[in-house]
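Colleague: Below, each chain spelled out in residue letters.
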Amino acid sequence: MREYELIAGLETHIELSTKTKIFCSCTTAFGGEPNTHCCPICIGLPGTLPKLNRQAVRYGILAGLATNCKINPVSKMDRKNYVYPDLPKAYQVSQYDKPLCSDGYILLDSGRKIRLTRIHIEEDAGKLVHERGNSFVDYNRGGIPLIEIVTEPDFRSVDEVREYVEKLQLLMKYIGVSDCKMQEGSLRCDVNISVRPKGSLALGTRTEIKNMNSFAFMEQALEYEFERQVDLLESGEPVVQETLRYNDMTGETESMRSKEDAHDYRYFKEPDLVTICTSPEEIEQLRALLPELPDRKKARYLSMGIHEGGAAALIRSRKVAEFFDEAAKGLQTPQLAAAFIVGQMFSRYSTATQRDEWETPVTPSRLHELCVMVESGRCNRGLAKTTFEKMMDTGKGATAFLSADDLAEIDNNQLKKICQEVLAENVSAVQSYLGGKETALKALVGAVMRKTRGRANAAKAEQLLVDSLKKG
Amino acid sequence: MTGMIEKLNSLLQKKKISCIELTQAYLNGIARDNGVLNAYVRVTEERALETAAVVDHKLAAGQILSPLEGIPMTLKDNISTRGVETTCCSKILQGYTPIYDASVWQTLKRQNAVLLGKTNMDEFAMGSSCETSCYGGAVNPFDIDCVAGGSSGGGAAAVAGNLAAYALGSDTGGSIRQPAGFCGLVGLKPTYGTVSRFGLIAYASSLDQIGPLCKSVADAALVFDAISCQDPMDSTSIGQKEPTWPQLTQKPEKLIIGIVKEYFKGVNPQIEKALQNAVHTYEKMGAEIVKLSMPAVSYALPVYYILACAEASSNLGRYDGIRYGYRTKHYNSVYEMICKTRSEGFGPEVQRRILLGSYVLSAGYYDAYYKKAQNLRGAVVQGFDEAFSRCDVILAPTVPATAFPKGFAAQDQVQTYQTDVCTVPVNIAGIPALSMPCGYDKKGLPIGMQLIANRFEEAKLLQIAYQFEQATDGEFYRKTKWGCCQYA
Amino acid sequence: MITEEEILEIAVLSKLYVPEEQLEQLTKDMAEILAFADTINTAGAQVEVYEGLDGLSNVFREDEVEQSYPIQEILQNVGGGENGYFPVHKSR
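Protein chains in written order, with the working numbering: chain A, 2 to 473; chain B, 451 to 938; chain C, 5 to 96.
Bound conformation, chain A alone:
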């Protein structure tokens, strides 16, 4: 049995988070009763003309800049002609041979480069709804601006596909061009997949799996299709080039092709729109708007001493990362700030949405203040933790909950005295420890911490207790 490798390329459609549609001023707001976000232009009434949304073009360019693309100085819109009830003009205004961006890439963590052939802008179609054999159309989503990002067939595993989509999602969210919610349809993937025997250089015949709207389905579909193609080749049958849909009920891919799907789109330049010219100055102006991107942030966090897991968790939401950046500014141990965020804040704000929105009463400066207190030793970790909980509850600063006394460090003499008290008050624990039970020491340290209301330095207390116990 020969071994086969998977070759895949992706076409991802991402809804841009502009306020209005690409060619008219109707709102892009999600939801809404059918056909209530429409106007003569987006339902394609005879005589209407498109007017290109400047923000959509800007967002397209930002997406290109964030993915290392070349921004084409001259770009144009084209008509892609095909008939379907959800497409009111019977053509989609898209870009054919002069897209907005080309030749970019996304780096996977393994160092593999996924090359992006192009990024172009286009309009979305409406929604065809089927019900008991009848079909209906809602044009609310018709005209929503999309970018389409096309990769070269550079993927060699399903995991790589998943990682790419996650990175792409995160990038687009970071630069603010889309909320990339797969379940809501603001990010859709079509995958081209072929297989070939390992070591072979020729590309096999590929099939296209369209419109997978969840990570799980995407992985299942790819795995199924890989096996299916391998089985075909193993039994000497050819793979037929076709468009497939993933049926999540049966777990199989099935053909979408129908006679009516003639694929001659008869592209030609959209005569109702003019060319898009982007100057080098404009490109630089837009580049300056880019925030620090996730991969660069993560590298910086690692170099700051944040561990891998923490860094990865922090960058997953731009707001969280920027919150951390501000709180950690100037700290000697930025890991502290990370720990508060990842350790405590994430328990409280546990969903992706909560972390994306990051609506917390705590301000970065207050967290910074607390970290400084811990760093300087004025407040120990334990006390800081409990205080932070209160800070998250109320939004008040640490000093609201810590008195001067709390923050005053217990001097060694005081500590010694308290240790003696604890030893005297906890005879059974002392006996246990002397009897060989090491864990009894923890109980004694705990008692010291309680007596000092958390102000004592736990490590020091432990040392003093041990010394005393040794002496007898």
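In case anyone wonders, no lab produced these hints; they're calculated from the structure.
The beta carbon of each residue, even a glycine, is placed where N, CA and C say it ideally should be.
Be aware that one or more of the hints could be misleading.
[To be verified] Per label pair, the in silico range of CB-to-CB distance: (1) R288/A x E66/C: 48 to 56 Å; (2) Q76/C x N212/A: 28 to 36 Å; (3) G33/A x D835/B: 20 to 28 Å; (4) Q286/A x E86/C: 27 to 35 Å; (5) Q286/A x G716/B: 54 to 62 Å; (6) E66/C x K128/A: 52 to 60 Å; (7) Q513/B x E66/C: 49 to 57 Å.
Model the placement of chains B and C on the given structure of chain A, informed by the hints.
Modeller: Okay, now just chains B and C, sitting in the frame of chain A:
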């Protein structure tokens, strides 16, 4: 300088006639004669009288009217009018009522233009005789056995038949100028981009322009000034360089008229004679005549049909019965519904042009036809640029023949396409051109002279046209017997 | 010379039916029209691809929401539609 619109405006302002009376006179004419002329496909009597009442109210209050205020006019039935059925004279748009106004209509409505109704046209503006209309063709007020021309035949018949003071038509390959030529009117196709296309139901997007059909050059200037502007709803809209009416009577110091020999090939001798006379008239005014050659003219026609049909095949893809218009009654699938709706709803000429358009855009033929035609388009533009470096205006026939008899056009498509030879290059180059009467043939049918200028030179073009009108004392404007309005 | 098969293929693309009895005549008509279109091949001179008149570029609209049209008007030309939708196909 008094054109008809100015005359009517003065009558209204001086209260010699009320706007209601004026409007009613036109409506009476329509009621009496439209059955024969078939200029109107829809009469908007109520609206017209309502607007007229508003104008009379203003007059009673002593207000000054703007130049087009209260003037009864019509719109070609491919110009969207909110609340008024707009069909492009096609079965597939029967019952379609737009929910928005075309930008040009919005502009005129604000000025209280009195809309008498929508006029007849070739279906989707595809034709040269008005006979592909689902309502039957409009006939020529000079001879009702002949066509009014196309595709704005209805507008031409209305104005020449004294059933409207002016009409707005559209011109993609000659559709304003040719009917103007056939019906003895002034028809102006403005520079591409000077008049908004928003609301004009598209035939060929890179060629279509809206323009006036009227009874004098001054009228054309007034209407052009009113409707040309940079419209934010139309991305290809630029607007006009300067208003034309205030400078209409200016005489250009030096006038060089170009005669392009390719335009005179195969032209009817009576037409050639009339044009020669026109040239003499200009010479007597002191104009210099230069002979030019523009080889690009000879392939402009096939270039036009390739590009126009390509764009049309795309523009007409949306007619499927789902959102408006005609829908077939019996079908078993969406696909069948769409195909049957279109095959039943579109006339044969429209279907032929859609097929041709799809063909020249299809994979395998795109390079040989569409791409090549685009390249040649550039050559046509260059040809005109060169010509205008040597002359101010080109004088040519509008059509190589006078109005065809009814039924002639349907006999031979390609031969009919050939009659567009003089008008089509203008649309390809996006430059302005005007047709005005310069004679009559032995049958009494009007002969049209076409004047062509460079982009955005409407002011110069209209001045030169006006000079001819003055020099000939308006002798070539003949009034037909139709209509009931004594002032028309 | 365009064939009847090609006409039928183009008809599918254009979403038009060509009834059997009309196919022959239509093919003849189209062939004539195409022969006419073919005359562009007699033209010698070629220019670079025509980009559009006057080199207009960068005509944009600002991203500001405006009121959409009321649903009654949107569905006006289909008799009000059905439950707010445009009916496409109703099985009998």
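Colleague: Confirm or reject each hint.
Modeller: Verification of the hints:
no.: 1; hint: R288/A x E66/C: 48 to 56 Å; verdict: violated (22 Å)
no.: 2; hint: Q76/C x N212/A: 28 to 36 Å; verdict: holds (33 Å)
no.: 3; hint: G33/A x D835/B: 20 to 28 Å; verdict: violated (51 Å)
no.: 4; hint: Q286/A x E86/C: 27 to 35 Å; verdict: violated (49 Å)
no.: 5; hint: Q286/A x G716/B: 54 to 62 Å; verdict: holds (58 Å)
no.: 6; hint: E66/C x K128/A: 52 to 60 Å; verdict: violated (27 Å)
no.: 7; hint: Q513/B x E66/C: 49 to 57 Å; verdict: violated (36 Å)
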